[in-house]
Every structure is written in structure tokens, then in C-alpha cells.
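Protein chains: 2
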Amino acid sequence: MRFSERIIAMQESPIRKLVPVADEAKRNGKKVYHLNIGQPDIKTPEEFFAAVRGFNENVLAYAHSQGISDLINSFIQYYEKHNIHLEKDEIIVTNGGSEALIFSMIAVCDHGDEVLIPEPFYTNYNGFGSMAGVNVVPVTTKAENGFHLPNKEEITKLITSKTKAILIANPGNPTGTVYTKEEIYMLRDIAKEHNLFIIADEVYKEFVYDGLEFMSFAHLEDIKDKVIITDSISKRYSACGARIGCIASKNKDLIKQVMKLAQGRLCVATIEQVGAASLINVPDSYIEEVKEEYCKRRNVVYNALKEMDGVVCEEPKGAFYVIAKLPVQNAEDFVVWLLKDFHINNETVMLAPAEGFYATEGLGKDEVRLSYCLNVNDLEKAMNILKEGLKAYPNKK
Amino acid sequence: MRFSERIIAMQESPIRKLVPVADEAKRNGKKVYHLNIGQPDIKTPEEFFAAVRGFNENVLAYAHSQGISDLINSFIQYYEKHNIHLEKDEIIVTNGGSEALIFSMIAVCDHGDEVLIPEPFYTNYNGFGSMAGVNVVPVTTKAENGFHLPNKEEITKLITSKTKAILIANPGNPTGTVYTKEEIYMLRDIAKEHNLFIIADEVYKEFVYDGLEFMSFAHLEDIKDKVIITDSISKRYSACGARIGCIASKNKDLIKQVMKLAQGRLCVATIEQVGAASLINVPDSYIEEVKEEYCKRRNVVYNALKEMDGVVCEEPKGAFYVIAKLPVQNAEDFVVWLLKDFHINNETVMLAPAEGFYATEGLGKDEVRLSYCLNVNDLEKAMNILKEGLKAYPNKK
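Residue numbers (full-length UniProt numbering), protein chains in the order written: chain A, 1 to 397; chain B, 1 to 397.
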């Protein structure tokens, strides 16, 4: 039987494709430090679990397609803290940030339309594009510039009659880049001049370091009809398994259209919504502490990378990722070699080859993404293994 | 700002679009019996809630994209009871039956491909088709024949080079029709001769009455590479809010392809998966009792409809729905009239106009879907209101 061309064309997750190699290493008795996945190790707030345990309906009924009222209110209160003012009919609860992104693409693009996305980008954007029949048009950014955006001319020359939106993650995954106000204003100007939506993936907004200020696209009053915020509790509350996110926009007509998609899938898991609604009661100190912890980890990782010969990488200012260019011929081969052929005291490290984060053929072949979701102690060991591994690796540039 | 044509073309849920009219009736002090929605009132098994309360991880982490191991095993054991033998790599846990259907469409159809679906059909199939860029081609069935399938020739003449699958719900929603073995064999033959997938929506398989035997498409050994089962715990365990379903197929390559979609959305809500996994411990008597209860309700509804002048409907043999043709000019007008202008002792009834369950323009205008998710006592009252309402309604045929 033949499958669809679009599903055959979908790539396997570059983050997960080497898992069998890691599993083999573990079977052979090696300990593997996982810097390849963005699964936080931080404790989920107890408020979440308490609310889940307190669920006491007799019938686990469909929730409202828009989301349960308590959770919508919880999101509204949360955004108020970030000086983003939303009304009840400007938010829809989604199955994680993933569904918010798919819904956004479907709402603004027909089949064959285009969305500009700075690359390297979160690899699942490709999958969402395939599912929605939307072509991802990469705006290439570079390790040497800390993955900041090219100038306006470079970006606008990619716009065609089929371009409907710019999708941007700020802070960036996999880059950790926090865009400057100037970059955000430039994108605003482009959106205005070319009548484009901006789909802003702001799930890492709490994780901005070094005193930098996070600026949301929702703060841009003059393009508020063009801005679609996609968000998730996964990272900031260490609750990835809840699959709770939202789509928010001051464009109420957009939200009305997206409601049709939300009704189509009926609702988001009810009990996890109840848990998520309680997170508004988590003291702000929780997120402050989490942020401090990630900042410490960022320092460990970046300082270690800086000391390694031939590694190119600017200090990431946000999220919990960094992309590093390595002095190797092929980063995927290097990652496999680390798992198969290298260890220090029977321990090794796993990274994500970065090629899968690029849409442009040939880019990222000598780059890896490191995620710093391990404690500082483990991270130090992992970075030492990487350093020694690089020294010992035979296929360097 | 312009939205996509596909989202503008999506219809609002015909089940929910009259909710504001019902809300107004309630504000005016009327009690409304809801026969418009398929939200079971039966208690969810306590095992589910106990497992949820027992969840004791510190970090609510991403689950495996395929689903947690316990839940996959739970589905495998459940299917064994139905003489369906599945291996671990033949199932993926999904966000309800909805996601299983969308994944199936995307996996077998490219944009513009066609899927044959007997109409009237579950209205969200239209939405899934829009999202996946798939054209729904209706195979019209009629109230007069209990919505059984037309003959083979009628069906095959709808097949084009773009037809990739037949999607069929058995038992049917909104019809309650249970297809005969002969019908199932006919579809098998069509699938073989035209190399089509069969996407079988079997979420109501436990609800088959009058001693009829349910036959799954998974029982057809000779087309096992062509059969995709979509399923959900929502109805059989009265757990709609959990959003737990699955996609199952003996075609392991298909499951491998669908895994890419599953990885794209990372995972299904973790805690609801833990709850769902425990359902395998629910004694079979639970489902037996639920089935008996629905059968009683079916009898109340069908016997009442049979007595109403001018109503056309065959006895439904499964699920908890029935479509009835009413002696009115326009069923939606009648439903609105019942809510706005009619009552017995300040009580009225809400039905779902059936037009939205048809893809063929003009069909279903004088039909309604009744869902029997109320207790027998309330159903009797509701059916009496319908009977008297029909007598009093001014715009009859």
C-alpha cells in the first residue's frame, strides 16, 4: 500500500533518531549524559499535582473546546504580569504549543502558502508545515552572529505573493537567541509593509538572562491584528507531559476562526487543564529560581564551549539551548562516535546534530544543539567529556 | 487581515451552533433536555480516577510519542477480548479518536486526494478533511433503509484516481447503524479491487444491541495491510474529557509513518494516559451494564419516534444516536422553535439539525439527530415534549 508523499517526505526527529545508538551504549554499560533533549529535570510545582488529585467529578466529560474557564483566567492573569492584556475571547487552550502552531498555520495559510522562519529552527516546525501543507521558507542566520537576524532587505527579498506569515521563536530554540528590540521592530515593519501575520512562539519567555528584557510581539500595539502568540506551560513550569498551551491574539476574528479547529478536536485533556489552571497560584519565586538555575547551567555550558579549540558559538541569552559549530567534518558522525567509541570512566555524552534544525540543504552539518536540562554537576562532567572527545576525535576538520 | 480560504470554508459545529439559543431559553427559566450532544452521563470508572490520584512523579515529563507502555499494553489486552491481535508496534496512542482520524488521513492522502464516507456522517469528519486538505466524497444513505449502504456499483462509481480510502464509522454516528457482514465484505472487496485503505472508526463497538454481533474491519485477515482502526476510550468508559484514543493497524509500515506525526506533537497528556491505562482493570460487567442501559434508552427513544405521525426512522442497532426524518419543512427552524416558542411545564428539548451531517447540499434539511445520553426518565419526558411539539408546530410539511 502506498502512503502519502507528504508523510514519506517528513523527516524523522533529529533529536530522537540517534536514540537507538544511545540505547545500545547504555546496554553496553555506559552512562549517557543527555544534552540532546529539552526535557527539564526541574520539579513540577506541587500546586499542579494537588489540583489533579483534587479533581472530583463523577463523569470525565468533554471540556469546552476553548478550554476550561479557570485555565483561561489563569492565562489572562499570567499575561497581565507581562503587561499583556487579553480578554476571554482572545485565548484558546491548545494541546501544548504544538497544536497552537498548527492551528495558526492552518488559519492563515492555504495549501502551498509560505511562512518565513529564521533557521536554525525548532525541527518540528517542519512537521507542522507538512501537516498543514505549508512551505517553510528559511531565513538563514549564523553561529558567528549569535543567530541574530539578517537585515531587512535580506528578509524581504524572500517574500512572495504566497507568503502569509513570519514564524519566530523568541527566545529561540535551538539557538538560545533573544532578539533585540531593533530586530522586533524590523519584523513589525515588514509585517506592516507586506501585510503578514507574525506567529510568535514565546514559550521560553521566562528564560532570558543577563538582565536583558523580554519583549513580546503582543506589546506591539500597532500590529495587534497581525500578531498570534503561541505559548505553553511545558517549559516554564516543567510540565511538558501536561500538553497544555494556548493561542492568543488581539485579533478576535482570528480566534473565532481558530475556534472551528478547536471544536473539531472537541477539547484538550480535562484533568491536565485543571492542574494547569492552578499554576497561577505558584509564587513568582518559583520561576525566578528556575531561571537562576538555568542561567548557572548556561554559564557552565558556554564557558566550557568557549575554551574548546575550534568551537564557534556566541553566548546564548535565553531558553536552555545553544548551537555550537564544532571543528569536525560531520557532527552526526561525531555524535555517533561519542556514543559508540568514546567514554571517560565509562561515561559519555549525547548531543543533537543540528542539520535537522535547518531547512537549507547542507547547512548545520558541523553543528550540534546542546540542551542544558541537567544539574550543574552533571553538566560539568558532560562538558568535560565533550572537550576530551573533541580532542580525541579522528575526523576533525 | 485575511484568513485562509480553508478555514473560512469550515462550517461551525452543527451540534453546537444553536447553543446560544438554548442558553437564552435557560436564561428565560426553561429546562432544556439535551438530546443534541453525545456526552455520556454514565459514571467514569473509579479505576481511572484512582490511577490519576496515584500519579507520583516529581516531574511531569514528556511521555513517549507512541504512548506510555502501560496504556499500549492495556489497549492490546482490550483488543484481545475482541479477538483482535495486535503487537506493540501496531498501535499509537492519540489525542482521542479525533487525532487518530486526522493522522490516518494525512498518512494516506496528499492534498486534494479523496476519501469516500457514507453520509450522514459525524460532522467533524468535514473538519478533519479541511485540516488535512482531503476532499470528503459522500456515499449517500437514507433513513428509509436504516442508513445501510447502497450496492457495490453505486459506491465504486464514486472512485477516482484520487480516491485513497474509505472512512466508515461502525456502529455509525449519527445514524446508530450497525453494518451487516455482507456490507463489510462488500467494502473489503472494493478496497481490494481498487487498492484503497479502510479507515474504520470503531469507537462505538461496545454498543451493539439486540444480540447482533459486532464485526471489526480488523477481523478481515486478507486486507490487514489496508485496514486502519481508529478508536477512543471516550464513549465506552464515559471518559470523553481524557482525550485518549489510538490508531491501530497490522500494517507496521503505516504505523512507522504515523509515528513521525506523533513525534511532531511530542506526546499525549501523560496523566490522562496513566488513568486510561488502568481501565483494563475495570470488570467486563461495567461495559455490559452500560450497554444494557443504552439499549433501554434506545428503546424509549425509538418506540416514541415510531408512534409520532410522519416521522421516518428505522430502529438503530448501535451507538447512542438516531437520525429521524421529521414532517417539518426545515428541521433547524423546528429546533429553534422548540427552544424559543415551545414548552411543557416550562421544559423543552434540544436536538441537532441533521443537515450538518451531510456533505451533499440539500440533504438532511428535514432530519434531526437525537442522542440518548440521558436517563430513561428524562428521555421519556423529552420524547413527550418532542411529540407534542411536533403536533403544535405550525410549519409542517
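Certain hints may be false.
For identical chains, the list gives no copy identity; a pair is met inside one copy or between any two copies.
Subject to a maximum C-alpha distance of 16 Å in a straight line, what follows is the list of computed EDC-like cross-link-like pairs (lysine to aspartate or glutamate) [claimed, not checked]:
#  : residue 1 : residue 2
1  : K224      : D41
2  : K81       : E288
3  : K256      : E12
4  : K256      : E5
5  : K391      : E144
6  : K162      : E5
7  : K43       : E57
8  : K192      : E153
9  : K43       : E288
10 : K250      : E46
11 : K252      : D225
12 : K31       : D284
13 : K365      : E182
14 : K296      : D210
Simulated from the structure, these hints should not be mistaken for lab results.
Since the structure is predicted, the reported quantities are computational estimates derived from the model, not experimental observations.
Here is how each hint holds up against the structure:
no. : hint         : in the structure
1   : K224 to D41  : neither (36 Å within a copy, 42 Å between copies)
2   : K81 to E288  : within (13 Å within a copy, 51 Å between copies)
3   : K256 to E12  : between (34 Å within a copy, 10 Å between copies)
4   : K256 to E5   : between (32 Å within a copy, 14 Å between copies)
5   : K391 to E144 : neither (22 Å within a copy, 79 Å between copies)
6   : K162 to E5   : between (22 Å within a copy, 13 Å between copies)
7   : K43 to E57   : between (27 Å within a copy, 9 Å between copies)
8   : K192 to E153 : within (15 Å within a copy, 55 Å between copies)
9   : K43 to E288  : within (14 Å within a copy, 42 Å between copies)
10  : K250 to E46  : neither (32 Å within a copy, 42 Å between copies)
11  : K252 to D225 : within (8 Å within a copy, 45 Å between copies)
12  : K31 to D284  : neither (35 Å within a copy, 44 Å between copies)
13  : K365 to E182 : neither (30 Å within a copy, 57 Å between copies)
14  : K296 to D210 : within (11 Å within a copy, 67 Å between copies)
When held up to the earlier numbered hints, the structure conflicts with 1, 5, 10, 12 and 13 and fits the remainder.
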